[in-house]
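Undergrad: Residues per chain are reported as follows:
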Amino acid sequence: MPERVLLTIGTKKGLFVAEGAKNRRSFSLRGPFGSGVAVYSTLVDTRARPTIYASSCNAFFGMKVLRSTDLGKTFKETKSAPTFPKDDGRALINIWSLEPGAGKKDLWCGVEPASLFRSEDGGDSWQMIEGISNHEHARKWQPGNGGLCLHTIVRHGNRVHLGISTGGHYLSEDGGATYTASNSGVGAGFVPDPYPEFGQCVHKIAQHNAAPGRLYMQNHGGWAERPGIGVLRSDDYGHTWRSIANGLPSDFGFPIVVHPEDPDTVYVMPLEPMTRTCPDGAPAVWRSENGGDSWKRLAHGLPKKETYFTVQRDALDIDEVKSPALYFGTTTGQLWMGRDGGEDWECLFDALPPIHNVKATVV
Amino acid sequence: MPVTADIIIEIGSVLRDYCGGAPELTLLAATVREALAQIEQQQPALYRSVCDETGAVRRHVGVFVNDTHIRDRDGLDTALVPGDAITILPAVSGG
Numbered sequence: 001m002p003e004r005v006l007l008t009i010g011t012k013k014g015l016f017v018a019e020g021a022k023n024r025r026s027f028s029l030r031g032p033f034g035s036g037v038a039v040y041s042t043l044v045d046t047r048a049r050p051t052i053y054a055s056s057c058n059a060f061f062g063m064k065v066l067r068s069t070d071l072g073k074t075f076k077e078t079k080s081a082p083t084f085p086k087d088d089g090r091a092l093i094n095i096w097s098l099e100p101g102a103g104k105k106d107l108w109c110g111v112e113p114a115s116l117f118r119s120e121d122g123g124d125s126w127q128m129i130e131g132i133s134n135h136e137h138a139r140k141w142q143p144g145n146g147g148l149c150l151h152t153i154v155r156h157g158n159r160v161h162l163g164i165s166t167g168g169h170y171l172s173e174d175g176g177a178t179y180t181a182s183n184s185g186v187g188a189g190f191v192p193d194p195y196p197e198f199g200q201c202v203h204k205i206a207q208h209n210a211a212p213g214r215l216y217m218q219n220h221g222g223w224a225e226r227p228g229i230g231v232l233r234s235d236d237y238g239h240t241w242r243s244i245a246n247g248l249p250s251d252f253g254f255p256i257v258v259h260p261e262d263p264d265t266v267y268v269m270p271l272e273p274m275t276r277t278c279p280d281g282a283p284a285v286w287r288s289e290n291g292g293d294s295w296k297r298l299a300h301g302l303p304k305k306e307t308y309f310t311v312q313r314d315a316l317d318i319d320e321v322k323s324p325a326l327y328f329g330t331t332t333g334q335l336w337m338g339r340d341g342g343e344d345w346e347c348l349f350d351a352l353p354p355i356h357n358v359k360a361t362v363v
Numbered sequence: 001m002p003v004t005a006d007i008i009i010e011i012g013s014v015l016r017d018y019c020g021g022a023p024e025l026t027l028l029a030a031t032v033r034e035a036l037a038q039i040e041q042q043q044p045a046l047y048r049s050v051c052d053e054t055g056a057v058r059r060h061v062g063v064f065v066n067d068t069h070i071r072d073r074d075g076l077d078t079a080l081v082p083g084d085a086i087t088i089l090p091a092v093s094g095g
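As you go down the protein sequences, you meet chains A and B in turn. Quick note: the first sequence uses this note's numbering, first residue 1, plus one each step. Quick note: the second sequence uses this note's numbering, first residue 1, plus one each step.
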């Protein structure tokens with residue numbers, strides 16, 4: 001079968017899968033999968049036979065992990081979901097992140113309340129990672145509006161970057177066993193100390209595989225008294241961070257994405273900080289091609305007025321086709337595709353349930 | 001020595017996938033807590049869908065003894081007598 005672009009779309013009412021040819025002329029949609037409950041995390045694992053994973057946030061019967069080995073035509077629950085030890089006192093509220101590990105069946109999973117789990121058998125059994133889940137800071141972290149979530153896992157070699165809201169950025173340099181708060185330059189507008197050791201409301205972290213020392217962060221910005229702390233860059237593997245928000249209409253936003261072939265090209269979706277919706281009712285993705293030194297507004301084809309959706313932290317992604325397309329899903333249930341790196345936008349689906357998560361994968 | 005009783009556990013259809021499709025289970029227990037502990041041993045996937053890691057019944061799950069919700073009796077310590085039926089259902093909620 002020729003290569004296809006697969007979009008996994010996690011929504012408030014279950015998981016959808018859209019599939020199209022590499023020319024992305026059209027996409028067919030299937031779903032909803034799961035039990036009609038929220039899906040905050042999806043993963044298309046292409047390390048071996050392509051396997052789709054999705055979290056299923058069942059308010060009735062607890063968290064489940066869905067798995068598909070037929071490219072999203074059918075899904076089954078794995079044998080178990082992450083579970084805190086009985087004497088821990090915490091109970092799993094949500095699954096925010098699913099990422100591939102080093103081994104072919106290894107999975108990493110970030111959850112709420114902020115903790116990390118790993119599976120070595122494709123999601124059938126899980127072990128809590130003590131180094132972050134019981135970190136000395138863990139009981140001091142506070143939930144943001146989305147809950148106390150470990151939402152970002154970025155791995156490269158022995159380094160692991162974790163994004164926690166509100167915990168900040170934690171870095172492991174021993175393969176993920178132990179972690180250090182690494183927030184030098186990461187600001188917070190909601191505590192007296194503008195640059196605390198930890199406790200920042202990190203929204204998303206992105207890295208390019210070919211340049212692992214360079215990281216980008218969408219932090220919780222939008223603070224009049226502390227401008228520019230919302231969009232950040234690190235050039236030393238996440239040890240220190242500096243603002244790259246100059247030129248953006250707002251430093252508040254949720255997702256941040258790196259171009260698959262160019263570590264200097266990065267995308268954000270600025271939002272008006274009070275309402276967390278599109279500035280002036282006109283949505284736009286902003287692109288920098290020089291690591292955040294300057295930004296260009298990308299809005300051709302997007303509504304020009306009267307549009308007030310939110311794009312959540314995992315609802316912006318980019319595919320790996322030559323001249324890649326960007327995709328974002330909205331809280332109003334629209335899925336948009338921006339061809340040529342976001343130069344030209346079209347709405348693929350305009351009446352899905354509110355979208356939490358979009359992942360684009362070539363299979 | 002607590003008195004135990006033959007108890008029927010009636011499983012709502014949406015939960016039967018977690019206990020091999022069985023519409024009901026039978027066990028010996030003196031309280032609802034004991035009944036759930038046995039379910040944890042015998043049907044762990046079903047238990048995880050009814051209770052969280054702390055042992056609390058999930059917020060949107062209703063557990064009834066005969067026709068009465070356990071919150072209107074003694075909660076997990078509600079005593080059971082032979083022939084009682086525990087019914088587990090999703091609560092009315094959503095949006």
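Misleading hints may appear alongside valid ones.
[Unchecked claim] What follows is a list of derived Cβ distance ranges for each label pair:
id, chain 1, residue 1, chain 2, residue 2, range
1, B, S13, A, P85, 39 to 49 Å
2, B, R71, A, K322, 57 to 67 Å
3, A, E120, B, T54, 47 to 57 Å
4, B, G75, A, G281, 33 to 43 Å
5, A, T46, B, G75, 42 to 52 Å
6, A, S323, B, E40, 48 to 58 Å
7, A, K73, B, E10, 26 to 36 Å
8, A, S323, B, R71, 20 to 30 Å
9, B, P44, A, T275, 22 to 32 Å
[Stated by the list, open to error] Keeping only pairs whose Cα atoms sit at most 16 Å apart, straight-line, the calculated EDC-like set for lysine to aspartate or glutamate is:
id, chain 1, residue 1, chain 2, residue 2
10, A, K79, B, E40
11, A, K296, A, D350
12, A, K140, A, E197
13, A, K79, B, D84
14, A, K322, A, D280
15, A, K86, B, E40
16, A, K86, B, D52
17, A, K86, A, E19
18, A, K105, A, D121
19, A, K104, A, D121
20, A, K304, A, E261
21, A, K79, A, D124
22, A, K305, A, D280
23, A, K76, B, D52
24, A, K12, A, E261
25, A, K22, A, D340
26, A, K86, B, D17
27, A, K73, A, D124
To be clear, the hints were calculated from the coordinates, so they are not data collected in a lab. All residues carry an ideal CB built from backbone N, CA and C; glycine is no exception.
Undergrad: A separate judgement is required for each hint: does it hold in the structure or not?
TA: Hint check results:
1. As the Cβ distance of B:S13 to A:P85 is approximately 32 Å, the hint placing it in 39 to 49 Å is violated.
2. The supplied range of 57 to 67 Å is met by B:R71 and A:K322, whose beta-carbon atoms lie about 60 Å from each other.
3. One distance hint, 47 to 57 Å for the beta-carbon pair A:E120 and B:T54, is violated here, with the actual separation near 26 Å.
4. Under the hint 33 to 43 Å, the C-beta atoms of B:G75 and A:G281, about 50 Å apart, miss the expected range.
5. In this structure, A:T46 and B:G75 meet the distance hint of 42 to 52 Å, their C-beta atoms being roughly 48 Å apart.
6. About 54 Å separates the C-beta atoms of A:S323 and B:E40, a value consistent with the hinted range of 48 to 58 Å.
7. Checked against the hint of 26 to 36 Å, the C-beta distance between A:K73 and B:E10 comes to roughly 34 Å, which is consistent with it.
8. Against the hinted window of 20 to 30 Å, the Cβ-Cβ separation of A:S323 and B:R71 comes to about 59 Å, which falls outside the hint.
9. Against the hinted window of 22 to 32 Å, the Cβ-Cβ separation of B:P44 and A:T275 comes to about 45 Å, which falls outside the hint.
10. For the given pair, A:K79 sits about 15 Å from B:E40 by alpha-carbon distance, which is consistent with the 16 Å threshold.
11. For the hint pairing A:K296 with A:D350, the CA-to-CA distance comes to about 26 Å; that exceeds 16 Å, so the pair is violated.
12. Of the supplied pair hints, the one linking A:K140 and A:E197 holds, its CA atoms being roughly 12 Å apart against a limit of 16 Å.
13. Restraint check: the Cα-Cα separation between A:K79 and B:D84 comes to about 31 Å, which exceeds 16 Å; the hinted pair is violated.
14. Proposed proximity of A:K322 and A:D280 is contradicted: the alpha carbons are some 33 Å apart, above 16 Å.
15. A distance of roughly 12 Å separates the Cα atoms of A:K86 and B:E40; the hinted pair therefore holds under the 16 Å criterion.
16. Pair hint A:K86 plus B:D52 holds up; C-alpha atoms about 9 Å apart against a cutoff of 16 Å.
17. Of the supplied pair hints, the one linking A:K86 and A:E19 is violated, its CA atoms being roughly 41 Å apart against a limit of 16 Å.
18. Between the alpha carbons of A:K105 and A:D121 the distance comes to roughly 5 Å, so the proposed pair stays at or under 16 Å and holds.
19. As the CA atoms of A:K104 and A:D121 are separated by approximately 9 Å, the hinted pair is consistent with the 16 Å bound.
20. For a cut-off of 16 Å, the pair hint linking A:K304 to A:E261 is broken: about 30 Å separates their Cα positions.
21. Distance check on the hinted pair: A:K79 and A:D124 sit about 5 Å apart at the alpha-carbon level, within 16 Å; holds.
22. For a cut-off of 16 Å, the pair hint linking A:K305 to A:D280 stands: about 7 Å separates their Cα positions.
23. The hinted pair formed by A:K76 and B:D52 fails the criterion: a straight-line CA distance of about 21 Å is larger than 16 Å.
24. About 32 Å separates the Cα atoms of A:K12 and A:E261, which puts this hinted pair outside 16 Å; it is violated.
25. Taking the CA atoms of A:K22 and A:D340, the gap is about 13 Å. The hint holds against a cut of 16 Å.
26. For a cut-off of 16 Å, the pair hint linking A:K86 to B:D17 is broken: about 24 Å separates their Cα positions.
27. A distance of roughly 20 Å separates the Cα atoms of A:K73 and A:D124; the hinted pair therefore is violated under the 16 Å criterion.
Consistency with the previously given hints fails for numbers 1, 3, 4, 8, 9, 11, 13, 14, 17, 20, 23, 24, 26 and 27, ordered from lowest to highest.
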